[in-house]
Amino acid sequence: MSNTDAPPNGWPEKAARLSVRLFWAFARVFSILLLLVAWEVFARSGAVTTFQLPALSKVLARIWDDAVSGDLAINTVLTLYRAIVGFLIAGIGGVLIGTAMTRLKLADWFFDPLVSIGFPMPKIAFLPVIILWLGVFDVSKITMIVFDAIFPVIAATVVGIRSVERELLWSARNMGAKESEILWQIVLPAALPQIMTGLQVALPLSLIVAVVTEMLMGGYGLGGAMITASRFANSIGVFAGIVEIAVVGYVLVKAMALTRRRLLIWHQEAHDPSTA
Amino acid sequence: MKTLIRYSPLIILALAWEISSRLGLVSELALPPLSDVIRAWIALIKDGELVSNGLASIYRAAAGLGLAIVVGGLIGIAMAWFRPVNVLIAPIVEIFYPLPKSALIPVTVIWLGFGDGSKILLIFLGCMLPVTIGAFNGARAAEQHLVWSARSMGASRLRMMWDVVVPSAMPELLNGVRTALALSFILLVSSELIVAQKGFGYLIGFLGANGTYDAMYAVVLTVAFLGFAADRAYMLITRRVLAWREATA
Numbered sequence: 001m002s003n004t005d006a007p008p009n010g011w012p013e014k015a016a017r018l019s020v021r022l023f024w025a026f027a028r029v030f031s032i033l034l035l036l037v038a039w040e041v042f043a044r045s046g047a048v049t050t051f052q053l054p055a056l057s058k059v060l061a062r063i064w065d066d067a068v069s070g071d072l073a074i075n076t077v078l079t080l081y082r083a084i085v086g087f088l089i090a091g092i093g094g095v096l097i098g099t100a101m102t103r104l105k106l107a108d109w110f111f112d113p114l115v116s117i118g119f120p121m122p123k124i125a126f127l128p129v130i131i132l133w134l135g136v137f138d139v140s141k142i143t144m145i146v147f148d149a150i151f152p153v154i155a156a157t158v159v160g161i162r163s164v165e166r167e168l169l170w171s172a173r174n175m176g177a178k179e180s181e182i183l184w185q186i187v188l189p190a191a192l193p194q195i196m197t198g199l200q201v202a203l204p205l206s207l208i209v210a211v212v213t214e215m216l217m218g219g220y221g222l223g224g225a226m227i228t229a230s231r232f233a234n235s236i237g238v239f240a241g242i243v244e245i246a247v248v249g250y251v252l253v254k255a256m257a258l259t260r261r262r263l264l265i266w267h268q269e270a271h272d273p274s275t276a
Numbered sequence: 277m278k279t280l281i282r283y284s285p286l287i288i289l290a291l292a293w294e295i296s297s298r299l300g301l302v303s304e305l306a307l308p309p310l311s312d313v314i315r316a317w318i319a320l321i322k323d324g325e326l327v328s329n330g331l332a333s334i335y336r337a338a339a340g341l342g343l344a345i346v347v348g349g350l351i352g353i354a355m356a357w358f359r360p361v362n363v364l365i366a367p368i369v370e371i372f373y374p375l376p377k378s379a380l381i382p383v384t385v386i387w388l389g390f391g392d393g394s395k396i397l398l399i400f401l402g403c404m405l406p407v408t409i410g411a412f413n414g415a416r417a418a419e420q421h422l423v424w425s426a427r428s429m430g431a432s433r434l435r436m437m438w439d440v441v442v443p444s445a446m447p448e449l450l451n452g453v454r455t456a457l458a459l460s461f462i463l464l465v466s467s468e469l470i471v472a473q474k475g476f477g478y479l480i481g482f483l484g485a486n487g488t489y490d491a492m493y494a495v496v497l498t499v500a501f502l503g504f505a506a507d508r509a510y511m512l513i514t515r516r517v518l519a520w521r522e523a524t525a
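Chains as they are written, first to last, in this note's numbering: chain A, 1 to 276; chain B, 277 to 525.
Don't read these hints as lab results, they were simulated from the structure.
Ideal Cβ placement from N, Cα and C applies to all residues, glycine included.
Just to be clear, a hint being listed does not mean it is correct.
[Stated by the list, open to error] Derived list of chain B stretches under chain A, where covered just means 3 residues or more per stretch with a C-beta under 8 Å from a C-beta of chain A:
#1 369–376
#2 379–386
#3 464–477
#4 488–494
[As the list claims (entries may be wrong)] The calculated label-pair distances, taken between Cβ atoms and stated as ranges, are:
#5 Val-361/B x Ser-180/A: 49 to 55 Å
#6 Glu-181/A x Ala-319/B: 57 to 63 Å
#7 Ser-45/A x Arg-435/B: 40 to 46 Å
#8 Ala-292/B x Ser-163/A: 31 to 37 Å
Between the sequences and the hints, there should be enough to build the whole structure, so can you do that?
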């Protein structure tokens, strides 16, 4: 992708480019492979007990068993369902509140101090209160996720909308656009990069909180399965849980980054070298 | 007066809390009146419960966060500065960054037990990556001509690192630390809620299980306030540290 300036096309150049690309692809996974091999070797070396660090092969076998028995699918779907429903409510609610704060004085007066105090606050401390109010089932888990994930979205929306270039608004008004048209066609698209950044903070947060609430309230879900395994001193189950959660987290974060690239294809950042 | 108007929504919420609870609009169990919560808070301070558990929590958070800042910062700068380090470590950072760090709670318990060690390790592991990524992005963005001038003036590699790369990595690094600070509170409280014998999370769980909800609310609000205050204090320090930057900008 990087060399767009018409490279020469003879076969030696092609072969050279291919081998360079293969080398970098290998370099990218090399250290991960190294880590995995080191895990297996170290676990088998006898320096640690199976309880402290079960071998990777045993953990993978356990994940395979879970996958065959269907537990893995149930737990993953439940965790994803909670995290994504919470994330969507937080995303939509956050953008709505954020937009209202920039449009209505009253909303700004009411929400601004709440956000400036609520954003940096460790919301997870309210978990026992939420359990007290809403019980230990999905409602309280999703409420907790929304409570945690909504603040970055509100803050990003407010910053995004407030930093929309004035010239854009003036030109639109000058050409006779209605307020609603300005909101939909100018303000929100122009604020979209910031809003997406807020959402990209909110998504991993949703998953973190989903796992924590499952751990604390028990039941099904990847976090619940992990804490059950931990209670029975089943360390293979604990490590299997970590691997499963890591994969889910990785896929979600990558999907979000891809969505961003799709949605912001018109924005200049799409052409900058990516850091994600 | 201005701050009073600015924060008036909070006062309104506090009044609504007190009144709805006193009038019995909501169950006193679910929401004890604010005045009872304040009384319980004073009682907790007096018998030393809040202070001793609080100190235990703050020690864990500070130790974990301190380690994370030092190690994470060094790794990030090394990644930006030495290409082989980057090639080796970047893929590992990339796969561990999206891992919800709360998943590590049971593992740290398996490794280090129920005491301070497991919480410190958890906070260290959870907070390291945001710092590393901040330091990496910051150091990579060090202006090349600053590096060149330093080199042409005969600065040694180490000297250059300390005088040029570290200061230019500062803003992003400090931003990463802010994320880590918020994360440290989340991890601290959730790990203490799950397994602990002392600390804020333990106290919240213990009081909740006892049914003394006014005291539980008092501890929850204390933790929330500490998290907020830590963030504000950190912002003030950041502004101080970066004062040179505003002046040159």
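Do the hints match the structure? See the list:
Check on the segment 369–376 of chain B: 6 of its residues sit with their Cβ under 8 Å from a Cβ of chain A, so the three-residue criterion for coverage holds. With 7 residues carrying a beta carbon less than 8 Å from a beta carbon of chain A, the segment 379–386 of chain B meets the three-residue requirement, and the given coverage holds. With a cut-off of 8 Å between beta carbons, the segment 464–477 of chain B has 7 residues touching chain A; three or more are needed, and the interface restraint holds. Proximity of the segment 488–494 of chain B to chain A, defined as three or more residues with a beta carbon under 8 Å from a beta carbon of that chain, is established by the 3 residues found.
At about 53 Å, the beta-carbon gap between Val-361/B and Ser-180/A stays in the expected band of 49 to 55 Å. For Glu-181/A and Ala-319/B, the Cβ-Cβ distance of about 58 Å falls inside the hinted range of 57 to 63 Å, so the restraint holds. In this structure the supplied range 40 to 46 Å holds for Ser-45/A paired with Arg-435/B, their Cβ-Cβ distance being about 42 Å. Range check, Ala-292/B to Ser-163/A: about 34 Å between beta-carbon atoms, so the 31 to 37 Å window is met.
Violation of the numbered hints given earlier is absent; every hint is satisfied by the structure.
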